[in-house]
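Following the hints, position chain X against chain S.
Protein chains: 2
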Amino acid sequence: MKNDAFAEVMAHARQTVALEQVMGRLGWDQETMMPRGAAEQRGEEMAALEGILHARRSDPRLAGLLDAAEAPDPAAAAQLREVARGHSRAVKVPGTLAQEIARVTSVAQGIWAQARAAEDVAAFLPTLAEVVRLKREEGAALAQGGDAYDALVDDYEPGMTGADIAAMFGAMRPRLVALRERILGSGRQPKPLDGSFSADSQMRLARDLAGAFGYDWSRGRLDMAVHPFSSGSGHDVRITTRVSEADPFNCFYSTIHEVGHAAYEQGVDPDYLLTPIGKGVSMGVHESQSRIYENQLGRSRAFTGWLHGQMRERFGEFGIASADDFFATVNRVQPGFIRTESDEVHYNLHIMMRFDLERALMRGDLQVADLQAAWNDRFKADFGVAVDRPSHGMLQDVHWSVGLFGYFPTYSLGNVYAGCLHKALRADQPGLDADLARGDLSAATGWLREKVQRHGALYEPRQVIAQAIGTQPSEVPLLEYLETKFGQIYGL
Amino acid sequence: MKNDAFAEVMAHARQTVALEQVMGRLGWDQETMMPRGAAEQRGEEMAALEGILHARRSDPRLAGLLDAAEAPDPAAAAQLREVARGHSRAVKVPGTLAQEIARVTSVAQGIWAQARAAEDVAAFLPTLAEVVRLKREEGAALAQGGDAYDALVDDYEPGMTGADIAAMFGAMRPRLVALRERILGSGRQPKPLDGSFSADSQMRLARDLAGAFGYDWSRGRLDMAVHPFSSGSGHDVRITTRVSEADPFNCFYSTIHEVGHAAYEQGVDPDYLLTPIGKGVSMGVHESQSRIYENQLGRSRAFTGWLHGQMRERFGEFGIASADDFFATVNRVQPGFIRTESDEVHYNLHIMMRFDLERALMRGDLQVADLQAAWNDRFKADFGVAVDRPSHGMLQDVHWSVGLFGYFPTYSLGNVYAGCLHKALRADQPGLDADLARGDLSAATGWLREKVQRHGALYEPRQVIAQAIGTQPSEVPLLEYLETKFGQIYGL
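If you read the sequences in order, they're chains S and X. In terms of our numbering, the first sequence opens at residue 1 and continues consecutively. In terms of our numbering, the second sequence opens at residue 1 and continues consecutively.
What the hints contain is simulated information worked out from the structure, not anything from laboratory work. One thing to keep in mind: the hints can contain errors.
[Stated by the list, open to error] Label pairs and their computed distance ranges (CB to CB):
1. X:Q367 to S:P94: 52 to 58 Å
2. X:R314 to S:F315: 51 to 57 Å
3. S:Q310 to X:E317: 57 to 63 Å
4. S:G159 to X:R242: 50 to 56 Å
5. X:R314 to S:S442: 46 to 52 Å
6. S:M224 to X:R314: 24 to 30 Å
7. X:D370 to S:S442: 33 to 39 Å
8. X:V385 to S:A11: 49 to 55 Å
9. X:Q367 to S:V226: 32 to 38 Å
10. S:E245 to X:R426: 51 to 57 Å
[What the hints assert, rightly or not] Coverage of chain S stretches by chain X, computed from C-beta distances (three or more under 8 Å per stretch; other residues unrestricted):
11. 219-228
12. 243-256
These numbers come from a predicted model, not from an experiment. For glycine and all other residues, C-beta sits at the position ideal for the given N, C-alpha and C.
The shape of chain S in the complex, shown without the other chains (with noise of 0.2 Å):
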């Protein structure tokens, strides 16, 4: 009786989860492939979609279900807890709530790209007050007197709240700022890269870097977006990057941080697939994979020397010569406007300001109108230059358009968690240098996949980390790793 209770809850779970995976690549499609004058229709589809799957998440049977359901295993014990977290969030929100919030987020996404494109902040307001405003409700709902942020945090970082990231971010940021404060004093500045690198180049060695990071192209794909990112769990996880000729950092390193989600994806235990834990346990977890792929590994002194040698084949030689120099320029501090392109050290700060201005939004202590404002005057403060158009500033992300509150911060948790990760990474493999500066990451990203990725979500996001790394996880490890390293590059 018990165990057909489970058995129950598996199936239900089942169909739950393929639907998911076929919402996932609807926002694949969106981003990738989709005509733009489908715009409006595919709201509508995302939204019927939706409806359906909140109906399947708050089904009154689960109710029932989950409190007959025995867990054979902890396993099965993780699949419950899964399954009971969404419903219990599915219950607190209206359908009509959750299928509105789809079908607005699903347009206003469009309506910010060309407002973007536009600099035009006043043809995006209208659409993200009608986000901020289902966004709040939602939280309302969930948090059920509590607050509203919070709820939404939860859906991201399970038993996060926006006091433990302000804890946290209290914790880094006089560092970060001393330690931007000493590199910005230091009199030196790396080289920029210059020149112009071809498209098509630039391509094959991003697939080649996939491959090298163990991408499984049998179960993917890589596709340009405006806005990188990863997709989909299991079998088919897609990624996408972009290409710009004056920048072949930002391709190869866009495409290497997504190699890092989809590596956690599509490394997951097989037998996990298509249920409840199938797939990575929180968006910080998620991007401890994807930043200990980009950062610690991608831009180590080891493989950057040899991504400098992979360079210096195929484009020829550009002007940095020497291996300790490229690894000073592609880790170049410098204030810039642009989230997705700054340096490890400015990273933190751009989340901090991000999470201060959503927090109020979602509180309702700062209005959409005053949006623009507080950014500029917040971003003249913490990076001492002034936003010089609204591409450069609130208009960058995507985020916030698709009703990403309470995401960002998770980007900061992934840094810190990928510190943890990197220290212990270290400890266990003497011979890491060595690997990486022949280009060789398959022992470091066996022991991530070992550690953390078979896992899916059978564990809560820092019971996992702390398993892998064999103690609580903290800010520490991640400042020391940025002090010695741009102490390194800068003298200081």
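Showing chain X alone in chain S's frame:
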């Protein structure tokens, strides 16, 4: 009360139609973008969505609502007719069977493609046997004691039966066979196309052809597929084509053909968007649009004259200097193995053969194990040539692998309808050839949009054709068109 019921039916149907569009998008993705390793997972995803669609279509609430609903106008009556049709079919088929068919056919498609590439019939037979078993079961469930094949045909061509098709073929076959004999006995044979035509230039011209035939790029896109198809309704109607450097006509006429299908979907009255009648009414009427675009317009003497000039401009001299010779080359008649590459005279003979074979399979008069022998015997008898390899024989078409039994005859019905429409169009537009000769298709496609496309599924299939041509459709105009055209080319 009655109007409330109608509004409720329509609200219910709108979500169903939106989800059907999602299903169509998954099918498109599977054929154009999906990584190979994702086939099994995609099967489960499609089965999950089919389960949702089946549950919606067979929703017990619908029966009561349909009884209570009153249509305020003819369009509303057509909406109710379409919903009732879907409901009546769905309640006869168990949901588990519908899901199983979706899962098996999704996976079968990949198995077919691999078997075809490997020329390995044995590798395909177990899967085909499974598909045949499931479709027979579905046919029996739908037929409720009647003919299973008729019940399947009715899904693609409402109102049509196997007997109707057999009668139509009975009237066509002697005149087609006689025409074929006279052509092959004429001693004439137009020069075949020779040389190599760059894939890039082909695709550029294919895009221009799509535009000339009225394809709306803001609501569609063109990709490559092994088996060209059109997919989607309303504001997202995508087409596919293929390219062979030795045979540019394959690319050009596949593209024009799919544009015909897409123009039908894009041309439906926008008021019907995401409603049950907001799509082509049947596969036969659909094929009438693709065929008249491709053949009666695209392979006409006037239009090929224009195309000849375009090809000479883009590819230089390619060995056919006169427009009359080019017209003959485009319309070259010869017995070939491949249906999709066959000329207008042989085309319907291919279909007749498939009709007899698939009808026998569905009725249990032919076993899957005997299919290859039956195919090869029949082909030799009808075409005078022995099948030399499976990809030229029973493995050439995707249809049976995806469960499309009862679909093939709609191709011939489409040809017959195209013949009728062409006759009426010529009567209405004395200047047609002058337009075509300068590559201007706007009047012709405008006429088809006005007479057929804009109505979507407002009228029953035969009715929309009868209204367009002012009389009952018959195979006679098609046969007369073929006899005249090929009589002229072959000097009969």
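Range agreement (Cβ of V226 of chain S with Cβ of Q367 of chain X, hint 32 to 38 Å): Hint violated: Cβ distance 54 Å, outside 32 to 38 Å.
Has the hinted range 49 to 55 Å been met by the Cβ atoms of V385 of chain X and A11 of chain S? Check passed, 52 Å falls within 49 to 55 Å.
Range first: 51 to 57 Å. Now tell me if the beta carbons of R314 of chain X and F315 of chain S are that far apart. Violated, since R314 of chain X and F315 of chain S (Cβ atoms, about 34 Å apart) do not stay within the stated range.
Against the range 52 to 58 Å, how does the distance between the Cβ atoms of Q367 of chain X and P94 of chain S compare: consistent or not? For P94 of chain S against Q367 of chain X, whose Cβ atoms are near 54 Å apart, the range 52 to 58 Å holds.
With 57 to 63 Å as the target window, see if Q310 of chain S and E317 of chain X comply at their CB atoms. 45 Å Cβ-Cβ, so the 57 to 63 Å window is violated.
Supplied distance hint 50 to 56 Å, evaluated on CB atoms of G159 of chain S and R242 of chain X: 51 Å, holds
With 24 to 30 Å as the target window, see if M224 of chain S and R314 of chain X comply at their CB atoms. 27 Å, holds
Take a look at whether the Cβ-Cβ distance between D370 of chain X and S442 of chain S falls inside 33 to 39 Å. 51 Å, violated
A range of 46 to 52 Å was offered for this pair. Does it hold for the Cβ distance of R314 of chain X and S442 of chain S? 49 Å, holds
Is the hinted range of 51 to 57 Å satisfied by the C-beta distance from E245 of chain S to R426 of chain X? Distance hint for E245 of chain S, R426 of chain X holds at roughly 53 Å.
Three residues or more, CB to CB closer than 8 Å: is that satisfied between the segment 243-256 of chain S and chain X? Not satisfied, violated; 0 residues make the cut.
Given coverage of the segment 219-228 of chain S by chain X, tested with a Cβ cutoff of 8 Å and a minimum of 3 residues: This one holds; 3 residues, not fewer than the three required, reach chain X with a Cβ under 8 Å.
Hint violations for this structure: numbers 2, 3, 7, 9 and 12, all remaining hints satisfied.
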